[in-house]
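Visitor: Listed below, chain by chain, are the residues.
Protein chains: 8
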Amino acid sequence: MNTPDVVFDVKRAHRIGLDESVFCAGKSARQIETILRDAAAREAGLLLTRLDAGKLADLPADLQAGLDYCDISHTAFFGPQRPVAIAGKVAIVAAGTSDAPVAREAERTLRHAGIAAGLIVDVGVAGLWRLMDRIEEIRRHPIVIAVAGMDAALASVLGGLYAGSLICVPTSVGYGAAERGRTALNAMLASCAPGLLVTNIDNGYGAACAALRMLGSMGLRQA
Amino acid sequence: MNTPDVVFDVKRAHRIGLDESVFCAGKSARQIETILRDAAAREAGLLLTRLDAGKLADLPADLQAGLDYCDISHTAFFGPQRPVAIAGKVAIVAAGTSDAPVAREAERTLRHAGIAAGLIVDVGVAGLWRLMDRIEEIRRHPIVIAVAGMDAALASVLGGLYAGSLICVPTSVGYGAAERGRTALNAMLASCAPGLLVTNIDNGYGAACAALRMLGSMGLRQA
Amino acid sequence: MNTPDVVFDVKRAHRIGLDESVFCAGKSARQIETILRDAAAREAGLLLTRLDAGKLADLPADLQAGLDYCDISHTAFFGPQRPVAIAGKVAIVAAGTSDAPVAREAERTLRHAGIAAGLIVDVGVAGLWRLMDRIEEIRRHPIVIAVAGMDAALASVLGGLYAGSLICVPTSVGYGAAERGRTALNAMLASCAPGLLVTNIDNGYGAACAALRMLGSMGLRQA
Amino acid sequence: MNTPDVVFDVKRAHRIGLDESVFCAGKSARQIETILRDAAAREAGLLLTRLDAGKLADLPADLQAGLDYCDISHTAFFGPQRPVAIAGKVAIVAAGTSDAPVAREAERTLRHAGIAAGLIVDVGVAGLWRLMDRIEEIRRHPIVIAVAGMDAALASVLGGLYAGSLICVPTSVGYGAAERGRTALNAMLASCAPGLLVTNIDNGYGAACAALRMLGSMGLRQA
Amino acid sequence: MNTPDVVFDVKRAHRIGLDESVFCAGKSARQIETILRDAAAREAGLLLTRLDAGKLADLPADLQAGLDYCDISHTAFFGPQRPVAIAGKVAIVAAGTSDAPVAREAERTLRHAGIAAGLIVDVGVAGLWRLMDRIEEIRRHPIVIAVAGMDAALASVLGGLYAGSLICVPTSVGYGAAERGRTALNAMLASCAPGLLVTNIDNGYGAACAALRMLGSMGLRQA
Amino acid sequence: MNTPDVVFDVKRAHRIGLDESVFCAGKSARQIETILRDAAAREAGLLLTRLDAGKLADLPADLQAGLDYCDISHTAFFGPQRPVAIAGKVAIVAAGTSDAPVAREAERTLRHAGIAAGLIVDVGVAGLWRLMDRIEEIRRHPIVIAVAGMDAALASVLGGLYAGSLICVPTSVGYGAAERGRTALNAMLASCAPGLLVTNIDNGYGAACAALRMLGSMGLRQA
Amino acid sequence: MNTPDVVFDVKRAHRIGLDESVFCAGKSARQIETILRDAAAREAGLLLTRLDAGKLADLPADLQAGLDYCDISHTAFFGPQRPVAIAGKVAIVAAGTSDAPVAREAERTLRHAGIAAGLIVDVGVAGLWRLMDRIEEIRRHPIVIAVAGMDAALASVLGGLYAGSLICVPTSVGYGAAERGRTALNAMLASCAPGLLVTNIDNGYGAACAALRMLGSMGLRQA
Amino acid sequence: MNTPDVVFDVKRAHRIGLDESVFCAGKSARQIETILRDAAAREAGLLLTRLDAGKLADLPADLQAGLDYCDISHTAFFGPQRPVAIAGKVAIVAAGTSDAPVAREAERTLRHAGIAAGLIVDVGVAGLWRLMDRIEEIRRHPIVIAVAGMDAALASVLGGLYAGSLICVPTSVGYGAAERGRTALNAMLASCAPGLLVTNIDNGYGAACAALRMLGSMGLRQA
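Protein chains in written order, with this note's numbering: chain B, 1 to 223; chain Y, 1001 to 1223; chain X, 2001 to 2223; chain H, 3001 to 3223; chain D, 4001 to 4223; chain F, 5001 to 5223; chain V, 6001 to 6223; chain G, 7001 to 7223.
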């Protein structure tokens, strides 16, 4: 694998407790194929993110067959996956249907690491009752990932109702003044509720990694 | 008054039903004095906005004495004011204490036009119970002016709970990612709640003028 | 309909007087089909917005046949529609031909709610006579929706000539310094005419919802 | 004068027909004094721009006495000035009182070059009658400098009513969405009226220089 | 032609001396066809701008045959065109080959109005000798349109060498820090050379209209 | 305390486990005095943030005497403070001396809640050895708050060396391209290291609140 | 070659020691063909940059055959190329695989000028050991080109470890807060390490030209 | 000196060949005093940058007396300074008088390191003859630092005339569209001249450090 242009950070899992994963957005089908063949040779399990349907179709049939692909989040599992080791610790809460791809990217990243997360979608605060109906369920989790675009008001409301660790993921949902996620990002950062933490726009993967770090801090997994 | 640099739009009240008012931010104390003396000669009542304490102190004592000044909103009434003609139609709802100057600028502008507005401050959604305690009171008004800075989540939550006409005023409260009110402005514009309308940042005066236009549309005052 | 990723806000019409509508931009043809079949089962009438021609063509033929589609505004009516209950209360005024899609999105949204709106297009202020020819007609409506891109000067001029409730919709028409509608948005917000209210860029749907809120405030419809 | 840090472009008048002038904003009182003493020695007439009152007060009394200072535009004439050679060719039209400093900077720059310009202030389009009252007078000038801040709608309206050369100067008047003049600048650049030309924000001096270039093109002065 | 969505400003030529032209970017082939048929019926000559090759190919063959199309500037003449009435008054100077489309849009707009302009391309200042070789030729024109992208340094250098009227057109040529033309625009506006005037990004048409206004001011054509 | 403009969220500690604190930046000395007198009456302990020296000096002498003020972080403790209940769980790591005010705001907020945090300042990565000297000490804490301005490279380097929960606080340190903290914020959000979480610019208080939420998730304190 | 729209700067190599190269992004296949035929006639060697595969395929077969194309960097050599004259002086260091296209554009530009550069890819600082493994090798070169996107932390770390001339190239790798390379650019400009120099985003060509200038300053090649 | 908040990077000179210097902008007079006393004790020579006159006046008289202060660049030398070891290798070229502070900051930083640089000010390209008069002198230096604000056209023109290493420093000189130096920065980055390298806005210190790195690469000083 170590061609001049690629040096895999194989020590990373060792060093910070986060597995290898493959961000496919900037890679060619040919490069992804090489990575998968290498992982197959090592019998390693991989998570692929941002793998769009076109690039998936360009992969050799045998590799496609070996992928467990999710067409909502554009993620895929390859090779052996961990069994679920932890459940009930992380809830993923999304404001609207359009936020589901990012929410599911977080869910799949956690699942790849052996964590089963609860998924609660379409509880945007413009219809406050939807959130209130689920708030007790949400409160049972020590870690919540809140996913929202546009005005991202869900984050502030949740921040006032929920006392645990709150990871906020702004999404690029919306148009015009939503500024491709910048408004949701800024609103989460400037929230009137204290102690919210924020990831990059659409970064469901990063939110899951942060949750993994926290689970390690809680002694529930090896960092 | 019609010096080469100033042409008062005396036909405006006639044309669009909104009285003269004096935006003091870009004017010298000398210019404001001239305007006040002229209004005094005409026995006209004036509203002054953005009159800071320093500029107020620079005015001649007799003019200062004739001003009804509010040091929260930096507005002043000069000369004869209208009696209250309409009440119970407009509520002004502000997220936090820091939004009070803008909320009160709206309240005073309405008062100058003979409208008594209800003022409900510090009902930001990070403490949702504060808003829920007042929501029935708010719902009794056909027009609501919502004032909020930072993430402006109040606007979206209110937009989902309240069915009447909702005028949103973003404020420049906050720092960093609040971007001097731009984030609140964008969040209100991109709100997930439908039918919200928005003014310029910190524009309590403009929100009140919009409410006056609506009261005219409702047949409650002469446009 | 309530799959894990979609929770329809069926209480919304009840709560804030605004019907269900389907924003199609972020949804797949398959998702839209599900929504339409569900509405058909409930014999509910729907408004679809941002439905582009490609996605329309991907819908099953029987659903396509059941849609009343407008290829200027990219909106569609599905199922039973309300009769016209109110007319002569809302005028939609657009600066140029390129603003027509947004103007018609507002018109169709109002029509879906039983409101017939007047539509006056191509009255941009660079040819001032075009607006002056129609100003008396415009003035007869208590509510005006002004749609304009580029410099959005129509809003300010109208704001000085018209005394009623004025809802301004900036459009993304223009290039370069028009900044995809940001300049029109800012110009409307910073207008020298008092009491203008503004929606998100290209948000004809939101402007119509705001007009519906106002008609409710006026007692003309149930909020 | 040619200290290591200052090389006066004495050939400029020769080369492009525009006189020396001194932009005082970034210069110390001591530097300005040196420049004035040098000009006095050469018996040269100078225009000083952006000379604020504080810096003026820091100059030696004899130099202060020799300055013809305008406290609206913060410009000063020093030494012998040209007589008026041309009149009736340039009109300066400003939207509001707050735009007067920029309008007068243009007027004074022209006066320094021997050109008497007409000055028409407070004709903003929110009160359209004010502009219509003066439009015939404006039309008599082959060159117009239009000065406006906030939404700068004056430029577009004038561009549709006036056929001559139109120089637009955006000002930093306004707050919030006016973005320190950026909105006025963009609105003028994106104007729906064809053939408008634009200068930097608050650049009355530059607008006057452009008018001087045009007068040269018209054969009315030596370039 | 006057369908509800289109009101041609037929009085414009009369009012400000600039002919009808058709900005095709936001119009469908069907709309353009209607406009051309209408012009044909009136035996009017038209200029079409921003007509890309795809849209051209979608027009009926007879209309395509009647168009004099330029595939560099994406402009077309339709119907009878004016003879050349004025020459030697306007030079168009472009920094690089990539700026040619904008330069030629200006040239063709002038030609449509009966003005023959000189065209001098690829004289960017990174190779200063190229500009110096042509500077005397440039100086013979009372009006110059300078077209440049990226850093737009051509404008400042020309502004120091040329005394006539200088219209600057920033282009969207470049990448990264060129910010789609914003850097060229800002550099021209902030130029150290006095009296430069600027149009919107890529607005060759607007620069030509400004030159036409100036030629009117010079008494060379009827405004 | 519940004047019309202030509604203290006294239920907050109950609801999300975070105590009352007073953000002084937008409040007058008079308002702060009122809040302190009220807290004194309730025998409550308060944290004050963003209390600049000038405002401190404007408070009555008895109140000043009762404040434990830190002139680096501009925070103050008022009234009874909690004893230290938890130590060794949170480290605060700052890139440079200029980041110390923000780092200490976080430290003091934690101290107010009974948490003793380690403080490690001036370990910016331009002198990598400084960080490497302390990395084992840092790794002993399950939660790290990383404070950095300018390019914020400390966050990425730490993210690759440290496996626990990492809260990143961008600061407004720097000039020009540092864009008042926006560059540090964006760099942290776009970090090549996975699982970093970010707060608003200069928000040491918010970072501490996030750490308190995490300590609650870890079962070390009552949420 | 000197058609009205193209004036090749053939004196450039003479004047500043940098050869002709062809930036293909804004040019048609037809224009590139003309340039290649002209170079063939002159027996000149050319470097082509930003030549995407589609445009390559549109060139005549004989020209395609004559191109030495690199599908990672989208560069091509045409005609006779210089032999390697200098080696071991320039190292190109890239943070990740996605930065390889820009790194290789720099490498190929240097190779075209007869310089063999070392290429070290995938040493991003989130896995610090990767860089530390190569640092001694890097230090042996007097000039280093550092290529990085997202947070660009590689530049600062390298700036603290390496004493030679350091040219930093930000890339547009990343999404959301990476802002198409603007964050990497700003982070490099605001770096805490002193003496870093920066090029435009993705400008591998420019970085190589800067290295060529430095090699000239070192007396290793003729400027 | 190693108080908890300050860890001096004393190994830096050793590691990358650049001496200690003190950036005073974010430090109190008390902190600067501590640093100076420490340097005095070590008999070390220091460079202080961004030391404004007010802060200078707040230092103890004995320390003030020991400072060699430059009130143009706001830099100071403290303690023993190196003799001049290298001359004639670096020229600093500034566009205008207002750029002198930044140019002199670079000059003084070089002087502190024992390098005498040539200083050529006020050669902005709006008066091209000024630059052409000095170009041969400039060309004699292998390294040039070009300092310019506003449109920064000097950089591009120089880049086309000068073949050596060119370090460009944008300055925050100008107003409006100059955007506090961002326009100059972008123009330099997007320059049409190849191989220009750029520092942060107003960063004369950084430009000098880059020149020192280059002199090291040339073997003229120890890195």
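Incorrect hints may appear among the rest.
Lysine-lysine pairs mimicking DSBU-like chemistry, simulated, CA-CA at most 35 Å apart [said to hold, decoys possible]: (1) D:4055 with V:6055; (2) H:3055 with G:7055; (3) F:5027 with F:5055; (4) B:27 with V:6027; (5) B:55 with D:4055; (6) D:4055 with X:2027; (7) D:4055 with V:6027; (8) X:2055 with V:6055; (9) X:2055 with B:27; (10) X:2055 with B:55; (11) G:7055 with F:5055; (12) Y:1055 with H:3055; (13) H:3055 with F:5055; (14) H:3027 with G:7055; (15) Y:1027 with H:3027; (16) Y:1055 with H:3027; (17) D:4027 with X:2027; (18) B:55 with V:6055; (19) X:2055 with X:2027; (20) F:5055 with G:7027; (21) V:6055 with B:27.
Chain V residues, not near chain G, derived (Cβ > 10 Å throughout) [claimed, not checked]: (22) 6043; (23) 6058; (24) 6065; (25) 6082; (26) 6114; (27) 6199; (28) 6206; (29) 6212; (30) 6213.
Calculated directly from the structure, the hints in this document are not laboratory data. Note that beta-carbon positions come from the ideal geometry of N, C-alpha and C, so glycine has one too.
Visitor: If a hint holds in the structure, say so; if it doesn't, say that too.
Guide: So, going through the hints one by one against the coordinates:
For the hint pairing residue 4055 of chain D with residue 6055 of chain V, the CA-to-CA distance comes to about 22 Å; that is within 35 Å, so the pair holds. Using a Cα cut-off of 35 Å, the hinted pair residue 3055 of chain H and residue 7055 of chain G holds, with the two alpha carbons roughly 22 Å apart. Among the hinted pairs, residue 5027 of chain F with residue 5055 of chain F is consistent with the structure: their alpha-carbon atoms are about 9 Å apart, no more than 35 Å. Between the alpha carbons of residue 27 of chain B and residue 6027 of chain V the distance comes to roughly 26 Å, so the proposed pair stays at or under 35 Å and holds.
For a cut-off of 35 Å, the pair hint linking residue 55 of chain B to residue 4055 of chain D stands: about 31 Å separates their Cα positions. At most 35 Å may separate the alpha-carbon atoms for a hinted pair to count; residue 4055 of chain D and residue 2027 of chain X meet this at roughly 29 Å. This hinted pair checks out: residue 4055 of chain D and residue 6027 of chain V have alpha carbons roughly 21 Å apart, not beyond 35 Å. Between the alpha carbons of residue 2055 of chain X and residue 6055 of chain V the distance comes to roughly 31 Å, so the proposed pair stays at or under 35 Å and holds.
For the suggested pair residue 2055 of chain X and residue 27 of chain B, the alpha carbons sit about 29 Å apart, so the restraint of at most 35 Å is met. For the given pair, residue 2055 of chain X sits about 22 Å from residue 55 of chain B by alpha-carbon distance, which is consistent with the 35 Å threshold. For the hint linking residue 7055 of chain G to residue 5055 of chain F, the alpha-carbon distance of about 22 Å falls within 35 Å, and the restraint holds. A distance of roughly 22 Å separates the Cα atoms of residue 1055 of chain Y and residue 3055 of chain H; the hinted pair therefore holds under the 35 Å criterion.
The suggested pairing of residue 3055 of chain H with residue 5055 of chain F holds, with an alpha-carbon distance near 31 Å, which does not exceed 35 Å. Between the alpha carbons of residue 3027 of chain H and residue 7055 of chain G the distance comes to roughly 21 Å, so the proposed pair stays at or under 35 Å and holds. Annotation: proposed proximity of residue 1027 of chain Y to residue 3027 of chain H holds, straight-line Cα distance about 26 Å (limit 35 Å). Simply put, residue 1055 of chain Y and residue 3027 of chain H have alpha-carbon atoms about 29 Å apart, close enough for the 35 Å limit, and the pair holds.
Simply put, residue 4027 of chain D and residue 2027 of chain X have alpha-carbon atoms about 26 Å apart, close enough for the 35 Å limit, and the pair holds. Among the hinted pairs, residue 55 of chain B with residue 6055 of chain V is consistent with the structure: their alpha-carbon atoms are about 22 Å apart, no more than 35 Å. Straight-line distance between C-alpha atoms of residue 2055 of chain X and residue 2027 of chain X comes to about 9 Å, which keeps the hinted pair within the 35 Å bound. Annotation: proposed proximity of residue 5055 of chain F to residue 7027 of chain G holds, straight-line Cα distance about 21 Å (limit 35 Å).
A hinted pair counts as satisfied when its Cα atoms are at most 35 Å apart, and residue 6055 of chain V with residue 27 of chain B qualifies at roughly 21 Å. At roughly 23 Å from the closest C-beta of chain G, the C-beta of residue 6043 of chain V stays outside 10 Å, upholding its exclusion from the interface. Non-interface call for residue 6058 of chain V relative to chain G: holds, since the shortest CB-CB distance, roughly 26 Å, exceeds 10 Å. Distance check for residue 6065 of chain V against chain G: the nearest CB is about 29 Å away, which clears 10 Å, and the non-interface claim stands.
Against chain G, the non-interface label of residue 6082 of chain V holds: every CB pair exceeds 10 Å, the least being about 17 Å. The Cβ of residue 6114 of chain V lies farther than 10 Å from every Cβ of chain G, with a closest approach of about 16 Å, so its non-interface assignment holds. Here residue 6199 of chain V does not stay apart from chain G, with its beta-carbon only about 7 Å from theirs, under the 10 Å limit. At roughly 6 Å from the closest C-beta of chain G, the C-beta of residue 6206 of chain V falls inside 10 Å, breaking its exclusion from the interface.
The Cβ of residue 6212 of chain V sits about 7 Å from the closest Cβ of chain G, inside the 10 Å cut-off, so the non-interface label is violated. Against chain G, the non-interface label of residue 6213 of chain V is violated: not every CB pair exceeds 10 Å, the least being about 5 Å.
Consistency note: the structure conflicts with the earlier hints numbered 27, 28, 29, 30.
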